[in-house]
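2 protein chains.
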Amino acid sequence: MAVYTDVSEGELEAFLKEYQVGDLLSYKGIAEGSENSNYMLHTTKGAYILTLYEKRVERQDLPFFLGLMEHLAKKGIVCPLPVQRRDGQLIGTLADRAAALITFLEGVWIRKPNATQCREVGRALAGLHLAGADFPMSRPNALQIEGWRKLWAGARDRADEVEPGLVAEIDREFAELERDWPTDLPGGIIHADLFPDNVFFLGNELSGLIDFYFACNDFYAYDLAICLNAWCFEKDQSYNLTKSAALLSGYRSVRPLSDAEAEALPLLARGAALRFMLTRLYDWLTIPDGELVLKRDPHEFIRRLRFHRRIRSTAEYGL
Amino acid sequence: MAVYTDVSEGELEAFLKEYQVGDLLSYKGIAEGSENSNYMLHTTKGAYILTLYEKRVERQDLPFFLGLMEHLAKKGIVCPLPVQRRDGQLIGTLADRAAALITFLEGVWIRKPNATQCREVGRALAGLHLAGADFPMSRPNALQIEGWRKLWAGARDRADEVEPGLVAEIDREFAELERDWPTDLPGGIIHADLFPDNVFFLGNELSGLIDFYFACNDFYAYDLAICLNAWCFEKDQSYNLTKSAALLSGYRSVRPLSDAEAEALPLLARGAALRFMLTRLYDWLTIPDGELVLKRDPHEFIRRLRFHRRIRSTAEYGL
Chain V
1 MAVYTDVSEG
11 ELEAFLKEYQ
21 VGDLLSYKGI
31 AEGSENSNYM
41 LHTTKGAYIL
51 TLYEKRVERQ
61 DLPFFLGLME
71 HLAKKGIVCP
81 LPVQRRDGQL
91 IGTLADRAAA
101 LITFLEGVWI
111 RKPNATQCRE
121 VGRALAGLHL
131 AGADFPMSRP
141 NALQIEGWRK
151 LWAGARDRAD
161 EVEPGLVAEI
171 DREFAELERD
181 WPTDLPGGII
191 HADLFPDNVF
201 FLGNELSGLI
211 DFYFACNDFY
221 AYDLAICLNA
231 WCFEKDQSYN
241 LTKSAALLSG
251 YRSVRPLSDA
261 EAEALPLLAR
271 GAALRFMLTR
281 LYDWLTIPDG
291 ELVLKRDPHE
301 FIRRLRFHRR
311 IRSTAEYGL
Chain Y
1 MAVYTDVSEG
11 ELEAFLKEYQ
21 VGDLLSYKGI
31 AEGSENSNYM
41 LHTTKGAYIL
51 TLYEKRVERQ
61 DLPFFLGLME
71 HLAKKGIVCP
81 LPVQRRDGQL
91 IGTLADRAAA
101 LITFLEGVWI
111 RKPNATQCRE
121 VGRALAGLHL
131 AGADFPMSRP
141 NALQIEGWRK
151 LWAGARDRAD
161 EVEPGLVAEI
171 DREFAELERD
181 WPTDLPGGII
191 HADLFPDNVF
201 FLGNELSGLI
211 DFYFACNDFY
221 AYDLAICLNA
231 WCFEKDQSYN
241 LTKSAALLSG
251 YRSVRPLSDA
261 EAEALPLLAR
271 GAALRFMLTR
281 LYDWLTIPDG
291 ELVLKRDPHE
301 FIRRLRFHRR
311 IRSTAEYGL
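Note that the protein sequences, when read in sequence, are chains V and Y. Numbered by the UniProt record's numbering, the letters in the first sequence go through residues 1 to 319 in order. Numbered by the UniProt record's numbering, the letters in the second sequence go through residues 1 to 319 in order.
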């Protein structure tokens with residue numbers, strides 16, 4: 001559930017005067033997105049999402065995120081199109097926060113995706129990688145190994161509270177990942193957070209990719225490894241090989257994987273599991289109970305990390 | 001901000017099959033309403049609000065609330081129309097909760113209403129009173145003096161924590177209200193919670209009355225007294241006589257007030273201020289910090305109560 005900034009109709013109407021989106025009909029704060037405040041708007045010209053950027057998003061990164069969405073949308077990727085203001089800018093100010101208006105995409109996110117939907121996600125991810133290749137801006141991935149180290153430094157002292165033995169296990173994991181992490185895989189713009197709640201479907205048809213606020217430059221195969229973590233585990237943490245094979249096959253039908261990329265997948269998937277485990281662990285240990293922020297259990301990703309550590313061949317992913 | 005129950009797309013699609021509203025396009029949890037979980041839906045036939053009734057609303061009261069909305073909407077009051085299921089019922093079950101689908105009303109609620117808007121609210125309130133007169137069901141007001149007594153019993157011990165001397169002041173207030181409360185004013189269906197966040201406007205035109213979950217049978221003038229509390233105080237708790245006069249004049253242009261009703265207004269307004277003070281005080285003292293429920297400051301209504309206690313003539317309300 002989003003913590004959200006209240007916006008009065010007067011300040012919103014003044015804000016909308018900077019755009020050519022017609023007259024305001026209604027707006028509702030929506031309980032989605034954990035980083036920003038989001039409103040759904042109806043105007044006489046259609047439906048939009050208004051985002052107010054809260055403290056977790058750096059204002060200096062906004063031109064990258066919004067420029068990327070605009071670039072991808074113009075290349076036919078089904079993602080929100082930031083609406084240009086009359087002055088050509090994509091970013092304004094509302095309620096003392098940076099704010100942007102983006103087009104509303106119909107579709108629902110799927111709590112229990114099927115293999116067909118996983119294939120579509122693979123295809124869409126590869127399409128995003130190809131479409132992003134000529135995007136002129138870049139943004140380093142703040143959540144690479146060095147970033148994980150910082151999160152771990154803030155959580156390590158108390159990590160054994162979550163599970164006895166976790167400190168030693170994660171220390172070993174860091175040592176191995178730092179030793180073996182690849183350095184020369186193909187890379188470019190990645191989404192870096194393509195979980196089911198960031199992908200909309202209408203039936204089995206993928207109708208939208210949203211939430212580009214972790215997008216950055218990194219290995220394409222790392223983005224794919226994030227998706228294996230995000231889409232292929234069932235609620236009981238079993239790995240669904242059918243979905244995994246479909247996701248990988250969908251990806252490769254649009255962008256072939258090199259041998260080096262395929263071989264790196266288990267290690268990249270360990271890294272991805274560690275990355276999501278660490279942000280959850282950090283929040284779990286540092287956010288006071290009762291804050292209006294959803295604290296997600298880090299255990300899921302500890303188990304996923306262990307799964308990937310046992311992988312001996314990419315055939316186990318259905319590749 | 002609403003506490004809300006998550007609904008999967010699968011269970012929502014199954015739920016919608018009971019209705020003739022077309023196919024689901026999107027749904028978003030909306031951060032409005034403190035009692036229930038609300039989703040905004042787009043379907044191929046239009047926009048709807050889906051409400052899941054949480055524990056604070058009694059399931060046995062739902063036929064009254066939804067039947068009333070249907071009755072009023074059919075009489076031309078701009079309120080949501082509950083959508084009938086294929087079996088003719090207005091109430092279904094979703095995610096183990098009673099649930100209903102109502103039409104979506106465009107409009108925004110006004111943080112700082114002007115006098116024209118106050119006049120429209122008065123007119124709409126009177127229209128609602130007239131339109132409800134032949135609604136066949138009734139529901140006693142659980143928040144009359146006896147109900148306030150129960151809230152006070154649960155808060156009295158700690159009320160002086162909120163403001164020293166409050167216990168003695170409110171005890172005196174109860175004694176006077178119980179002694180002087182009218183018994184024979186005109187009454188019928190009242191909204192009982194017509195605050196600005198429950199009234200939508202498009203410009204100065206009133207486009208919707210929502211949230212009928214406190215509606216009940218009581219004196220019409222008491223509903224009007226609630227509106228004086230809800231619409232005519234400024235943020236600094238000063239009373240805006242222009243807005244008050246406009247609200248009363250708007251009301252009387254649709255339904256005349258008898259002398260007895262007019263004379264009772266100061267006392268009814270004290271009662272209304274006490275009622276909202278008490279629910280806020282009770283929540284303030286009993287809901288643990290950090291629950292996902294908005295706790296509103298009871299002081300506003302202590303000050304409003306004191307204002308009404310000093311009223312010597314209804315001319316001070318602009319009547």
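Treat the hints with care, since some could be wrong.
It does not matter which identical chain is used: a pair holds within one copy or between any two.
Cross-link-like lysine to any residue pairs, in silico, SDA-like; alpha carbons within 20 Å at most [claimed, not checked]: (1) K74 / D96; (2) K28 / F104; (3) K235 / T116; (4) K235 / K295; (5) K55 / S249; (6) K74 / R303; (7) K235 / E9; (8) K45 / D184.
What the hints contain is simulated information worked out from the structure, not anything from laboratory work.
query = What are the numbers of the hints the structure violates, in ascending order?
reply = Violated: hints 1, 5, 6, 8.
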